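There are 2 protein chains.
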Amino acid sequence: MPSVRDVARKMKLESPQMAATPVELRNAALAAMRDALLANKDAIFAANREDLAAAETNHVAPAVAHRLLFDERKLADVCAGIDSLIGLPDPVGRTLLARELDEGLVLRRVTCPIGVIGVIFEARPDALVQISALCVKSGNCAILKGGSETARSNRAIFSVLRAAALEAGLPDACLEQVEAHADVSELLGCTGLVDLLIPRGSNAFVRHVMDNTNIPVMGHADGLCHVYVHEAADLAKAVRICVDAKAQYPAACNAAETLLVDRPIAGRFLPQVAAAYAEAGVTLRGSDDVRAIVDCEPATEADWDTEYLALTISARLVDGVDDAIAHINAHGSHHTDAIVTEDDAVAERFMALVDSAGVYQNASTRFADGFRYGFGAEVGISTGKMPPRGPVGLDGLVTYKYLLRGSGQVVGDYASGRNAFHFRDLEA
Amino acid sequence: MPSVRDVARKMKLESPQMAATPVELRNAALAAMRDALLANKDAIFAANREDLAAAETNHVAPAVAHRLLFDERKLADVCAGIDSLIGLPDPVGRTLLARELDEGLVLRRVTCPIGVIGVIFEARPDALVQISALCVKSGNCAILKGGSETARSNRAIFSVLRAAALEAGLPDACLEQVEAHADVSELLGCTGLVDLLIPRGSNAFVRHVMDNTNIPVMGHADGLCHVYVHEAADLAKAVRICVDAKAQYPAACNAAETLLVDRPIAGRFLPQVAAAYAEAGVTLRGSDDVRAIVDCEPATEADWDTEYLALTISARLVDGVDDAIAHINAHGSHHTDAIVTEDDAVAERFMALVDSAGVYQNASTRFADGFRYGFGAEVGISTGKMPPRGPVGLDGLVTYKYLLRGSGQVVGDYASGRNAFHFRDLEA
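One line per chain: the protein sequences are L and U, in this order. If you count the first sequence from 1, position 166 lands on 671 in our numbering, and the numbers rise without skipping. If you count the second sequence from 1, position 19 lands on 524 in our numbering, and the numbers rise without skipping.
Don't read these hints as lab results, they were simulated from the structure. Model, not experiment: these values are computed from the prediction. Just so you know, not all the hints are guaranteed correct.
Facing chain L, according to a computed beta carbon distance under 7 angstroms, are these residues of chain U, among others [as the list claims (entries may be wrong)]:
hint	residue
1	A525
2	R745
3	V916
Glycine included, C-beta positions come from ideal geometry on N, C-alpha and C.
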C-alpha cells in the first residue's frame, strides 16, 4: 500500500500530462465514467446497502444517514451532472489576455489546471462522483478522501470511475482514493506536491485543515448570512425571501442566520414575518426593540455571531443601510448577504460596501450555489478574499500561466533603449 | 502609538469605504501624491542623505547601499510610474461575468479590491512609492513595513504621501506605515484583519512569512529559471538569450540558473555559449558530458537546485524536450522557463507541460516583470499555483464578488420545479 506522500509524488510528476490532455479525451473519459456507473449500479447499490446497514447498527443520526443513500435517483442525478459537465466548454486553454509587447513578442495569459488537488469530503457517495467529474473536466489530478460512513460505497464507486477513466486514456495518476483517517494528516503535510486542498464538512473540520497545513486551502469555515429589510422594501417580497433564506434548507451554509430590519418599517414588517416564520416552524430570537413589537425569544450579543444551521433566526433593528452594512461586516462570515429594497441607489451602496463573496438585492441568500449560478456543478464555496471566491465550479479549478512567444528578444535591448515596448492588446 | 493590530482593525473597518471610492477620487489622490513628492523633494532627499550616511557608517554592502539612494532620477521614475498608473483603466468594478439566471434574476461577477494588504518590503524608498500607488489605484488599504536601512527616507516619503492622499479625500485608514521590527510578527498574526500579505526580499524571509501566518501570502521564495536550447534552435538567438537571461541582471529572480542543451547540438552550441559567457564574466559549471565538450567547472547534483543570484550558471545535456521538461518540473521553482527552438510544435509541448507561471519560446526569462508585461507596475511576482500568478500588477490586487439582482425570487420555487433557470449570458 503506497503512502499518501508516494501517491501525491507520483501524481505531481504526472499532473502536467493530465493538464495537457485534450478536452475530447477528458469528455470521453467522463462519458465512460457515466456509462460504467450505470453498468455497475447493482454492485454499487449493494455496497451502499451495507453502509446503510452499518449506519443503522452504529445509530448514525437520521439526518446524516439520509445523505449516505445512493439509489437510482441519486445515480440519475450524478449521471445528469456528468452529462452537463461534458456539455460545458473547456475551462483549460482559454486566453485571458493577449498582448503584443513589441514586434514579434506576444504575451498570452492562458488558463491551465491547478495540478494536484486534495479533496476531503463528507460521507456522500454522490459527492465522490461530482468531485471526480469536476477534476477530470478541469484537467486536474485529484486525491479523494471521503467520509468513513460510506467507505464501502466509495470503494465500489471509485474503482468503477477510475477504471473507466484509465480505459478512456487518462494518465494513471488522474484519480486516487485514500481511506484511512491518518491519511488526512499525511495529506496536509504534502506541501509542494499537492497544490490545493478543498476540505468540506463541519466548520471545525475546515478550520482544523486551515490551521494545520501550508498548502493553499479553498473552503469556508462559516456561513453566517444576513437578510436586511430596508425601509423601501416590498414587504411581501421581503417575507417570502426571509422565509426561504432561513427555512428552505436550514442546514446549508447559505441559509440566513440574522434578520436586520429598518426601524421605521419594523412595526409593520415584524408581525408579518413573525407569523410566516411561525408557520414555517422557525424560532425567532429578537433584540429588545424587536421584542417590543413581536413576542419572541430574547437574543443576546452571542446570537449575532451564531450560525444556527437549524430553524432558528435572530433579528434586530437597524438605523438605515450604513448601520446594516456595519453589522454585517462586523458579524458576518463574508459568505452571502441580501438587501430587500426597491430603492436601487441604496442597494448599490449595500452591494458596494458589504464585504462578502455574494451580495444580493431582492433574492434569497439560498441562491449562492454553483448549480444555481449556472456553473454546472460546484466543488465548494469559498469565503476567502482571494480568488476563487464564492461558489467554485470549473472556472475555480483552473489557474493561469503566461506564455511569451518571441523571436530572440533579450531584455538588454529594452534596458538600453535600443528597443521599446509598444503594448498592443490583441484579440484574445 | 497604536499597535499593529489596532491599525489593522481600524483599516479593516474602513476598507469597504476605500473599496467604494470612485476611480476619479483615487486618480486625483495619485496626482496629489505625485505633486506632494515633487513639492517636498528637498526634505525627502535630506532624509535620504542621512540614511546613506548611516549606511556608510554601518558598512552596508555597496550593492545594498545603491538601492537605498533616492535622488532626482529615482523621483522622476516614481512620478512617471504614478502618471502611468493614473492612465490605466480602473481595475475595480469590471464585470467578469454577467448572466441572467431567470427572468429578472441577473448575476454579475465584478472585480473589487482585496481589502487590507500588508506589504513588507526591502530597503528601497522607490518601492514605498510604487506599492502605495498600486494599492491606492486598486482601492486597497495598505499597511507598509519597509527596510530599516531607509527608515528616515520612508518616514519623510510616507508622511508626504499619506497627507496628500487624505487631503484628496481618501479615507483616513487608506495607508499606514509601521516601523518596528517586532511589528512584522504582529502583522503576521492579524488573521481576519489583513486579507493578504506580500513579503518581498530574501528567499529566507519570504519563507519565514509563509511558515508563520494563516493570512494568504502572495510571493515567491525562489527563482530557479531555466533556458532549454532545443536541437532546432537558431543558435545565434540562443546565445543572445542565454547571456541576457543570466547576465543582464543576475540578482533578479527571473535570471536563469541552469542551461539545458539538447545532446545533438551540444558540440556546436556549447563552445559558442561558453565563449559568450566568458566575455560576459559568467562562470559556467557543467555536467561531465558538458565538460567533455567545453572546459568549465564541474557541476554537482546540488547545482540543479541552486539559485546563484550571481554570474554563475550550471549546464547539462538533455535528450529532447521531454527530458528537459522533466528536469525543469523536478528542479525548477515554477517561476519562468524558456525554450529556444524554431520548431513550434516542440515549443507547444514545452509550454503545455512545463509547470511554471511563465513559459517562453525564443525570449529571455528576464522579461518576467510587471512593467515588461505592460501592467504599468508590479507589486511582486508569485510562483504559487493559485491566482494571482506570475508578475502581479493592478489586476492581481483585486478579487471579485458576485452581485445578484432579483425581483423577489426564492429558491423554493426552483427546488419545487415551479420556476426553472434558463442561464443566458449577457454582454459583460
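Hints, verified against the model:
1. A525: 4 angstroms, holds
2. R745: With Cβ-Cβ at 5 angstroms, under 7 angstroms, it holds.
3. V916: 4 angstroms, holds
When each numbered hint is compared with the structure, no violation occurs for any of them.
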